[in-house]
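Colleague: Sequence:
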Amino acid sequence: VTLKIVELSIAYGMSPVSPVGFIHFGQILVALGYIEEGCRLVRTGRKLLDKLGSKEVAGECFATFTQVICFIEPLQSTIDFHFQGHTIAMAAGDIHAALFNIALYTGMICWAGRQLLFCKEKFAYARRLMVEHNHLTWLAHINAMEENVWRLIGSDECTTKANNKFHGENDLREANPHATMTFNFQKMYISFMFREYEQTKSFAEKFFEFDRHSYIIIYIYTVHIFYGGIASFWIYRETDDPKWATRGQKAKLMLEKWAQSSPYNFLHRACLLKAEECFCHGDVDNAKLLYEKAVSTAREYRFINYEALACECAAYFFISQGDMKISMETSYRLIVSITNGEQ
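Taking our numbering, the leading residue of the sequence shown gets 1, the next gets one more, and so forth.
FYI, nobody ran anything at the bench for these hints, they're computed from the structure.
A couple of the hints might just be wrong.
Subject to a maximum C-alpha distance of 30 Å in a straight line, what follows is the list of computed DSBU-like cross-link-like pairs (lysine-lysine) [said to hold, decoys possible]:
| hint | residue 1 | residue 2 |
| --- | --- | --- |
| 1 | LYS120 | LYS51 |
| 2 | LYS122 | LYS206 |
| 3 | LYS293 | LYS243 |
| 4 | LYS293 | LYS257 |
| 5 | LYS47 | LYS257 |
| 6 | LYS47 | LYS4 |
| 7 | LYS250 | LYS201 |
| 8 | LYS243 | LYS288 |
| 9 | LYS206 | LYS243 |
| 10 | LYS47 | LYS122 |
| 11 | LYS250 | LYS206 |
| 12 | LYS51 | LYS4 |
| 13 | LYS288 | LYS257 |
| 14 | LYS120 | LYS4 |
| 15 | LYS293 | LYS250 |
| 16 | LYS55 | LYS4 |
| 17 | LYS201 | LYS120 |
| 18 | LYS257 | LYS243 |
| 19 | LYS55 | LYS122 |
| 20 | LYS288 | LYS250 |
| 21 | LYS120 | LYS206 |
| 22 | LYS293 | LYS201 |
| 23 | LYS257 | LYS206 |
| 24 | LYS201 | LYS257 |
The calculated label-pair distances, taken between Cβ atoms and stated as ranges, are [to be verified]:
| hint | residue 1 | residue 2 | range |
| --- | --- | --- | --- |
| 25 | GLY53 | HIS281 | 51 to 61 Å |
| 26 | GLY93 | ARG302 | 31 to 41 Å |
| 27 | GLN84 | TYR12 | 22 to 32 Å |
| 28 | SER77 | GLU205 | 50 to 60 Å |
| 29 | HIS178 | LYS55 | 23 to 33 Å |
| 30 | THR246 | TYR197 | 15 to 25 Å |
Ideal placement from N, C-alpha and C gives every residue a C-beta, glycine not left out.
Between the sequences and the hints, there should be enough to build the whole structure, so can you do that?
Modeller: Listed below in structure tokens is the structure:
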């Protein structure tokens with residue numbers, strides 16, 4: 001359908017829905033690995049949107065455009081397009097696109113390294129909108145993410161948030177594979193962050209059961225792939241089960257590929273996965289170099305959340321090598337990263 005829109009637009013002239021065709025077809029190309037070509041089409045669709053003034057489809061276009069363009073442009077400079085798309089869609093009466101944009105925005109700010117208190121405020125805003133418009137699917141996604149924000153902040157209110165489910169949320173999750181995937185990912189993620197091994201392994205198994213369509217890709221999926229990969233390497237070190245090594249290696253290869261088009265958004269994560277792989281195989285010298293590169297590139301590209309994560313993973317690596325002095329120094333750098341992020 002999207003290709004047909006593009007063909008008809010080129011043959012007979014542009015219409016108000018032409019931007020939808022160009023942007024969604026560009027998204028498909030990026031999913032197939034043609035990142036430069038896909039992003040070129042997405043940019044074309046965005047220019048058409050501005051030229052044609054297609055307000056009725058602007059929200060949908062902004063949502064897809066923002067997710068795809070992050071495969072080339074720095075995340076911190078593109079993320080606010082989601083909030084712009086949310087505002088435009090609300091003004092046009094396109095509630096679905098408005099909620100879609102705000103749901104993606106709240107998810108993205110967490111992975112962009114924004115302060116947790118800022119994330120907390122935006123989640124509260126998103127939750128109010130979902131409740132007001134009775135959009136239970138997106139509310140289920142918001143609930144899963146918001147609970148983790150509260151737990152990372154260290155607030156006792158995270159227990160209240162965990163019990164603040166709407167009636168039928170569990171049934172909705174069972175009937176909606178994407179909601180189930182998001183729930184299992186968020187549980188795997190927060191368990192990994194607090195080094196709760198059994199919980200991490202349990203939810204990772206459930207997360208990997210989800211069969212994601214290969215022809216659709218959005219930036220948030222790269223976060224899923226990264227944390228699925230890093231959790232897999234940890235589980236492999238505990239179990240020696242080769243399926244976990246394979247999952248980690250697959251994630252590493254995908255991050256390496258994306259890093260070629262946007263080192264800013266992906267290089268630090270690719271380095272960290274490579275370091276974890278070296279850790280698994282006892283390649284001590286390369287692991288040291290890659291952990292250091294993961295830390296330095298995350299700092300350079302202003303991803304303080306990944307800088308802190310790289311410091312923590314490196315500290316566990318040095319502990320396993322019996323090098324407590326370097327482990328303590330690395331832990332100190334982790335504390336500095338977290339402290340700077342709270343200021």
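Colleague: Taking the hints in turn, state whether each one holds.
Modeller: Status of each hint after checking the structure:
no.	hint	verdict
1	LYS120 <-> LYS51	36 Å, violated
2	LYS122 <-> LYS206	28 Å, holds
3	LYS293 <-> LYS243	27 Å, holds
4	LYS293 <-> LYS257	17 Å, holds
5	LYS47 <-> LYS257	27 Å, holds
6	LYS47 <-> LYS4	19 Å, holds
7	LYS250 <-> LYS201	18 Å, holds
8	LYS243 <-> LYS288	25 Å, holds
9	LYS206 <-> LYS243	14 Å, holds
10	LYS47 <-> LYS122	29 Å, holds
11	LYS250 <-> LYS206	17 Å, holds
12	LYS51 <-> LYS4	21 Å, holds
13	LYS288 <-> LYS257	22 Å, holds
14	LYS120 <-> LYS4	42 Å, violated
15	LYS293 <-> LYS250	20 Å, holds
16	LYS55 <-> LYS4	21 Å, holds
17	LYS201 <-> LYS120	27 Å, holds
18	LYS257 <-> LYS243	21 Å, holds
19	LYS55 <-> LYS122	24 Å, holds
20	LYS288 <-> LYS250	22 Å, holds
21	LYS120 <-> LYS206	27 Å, holds
22	LYS293 <-> LYS201	27 Å, holds
23	LYS257 <-> LYS206	26 Å, holds
24	LYS201 <-> LYS257	26 Å, holds
25	GLY53 <-> HIS281: 51 to 61 Å	56 Å, holds
26	GLY93 <-> ARG302: 31 to 41 Å	37 Å, holds
27	GLN84 <-> TYR12: 22 to 32 Å	30 Å, holds
28	SER77 <-> GLU205: 50 to 60 Å	37 Å, violated
29	HIS178 <-> LYS55: 23 to 33 Å	28 Å, holds
30	THR246 <-> TYR197: 15 to 25 Å	19 Å, holds
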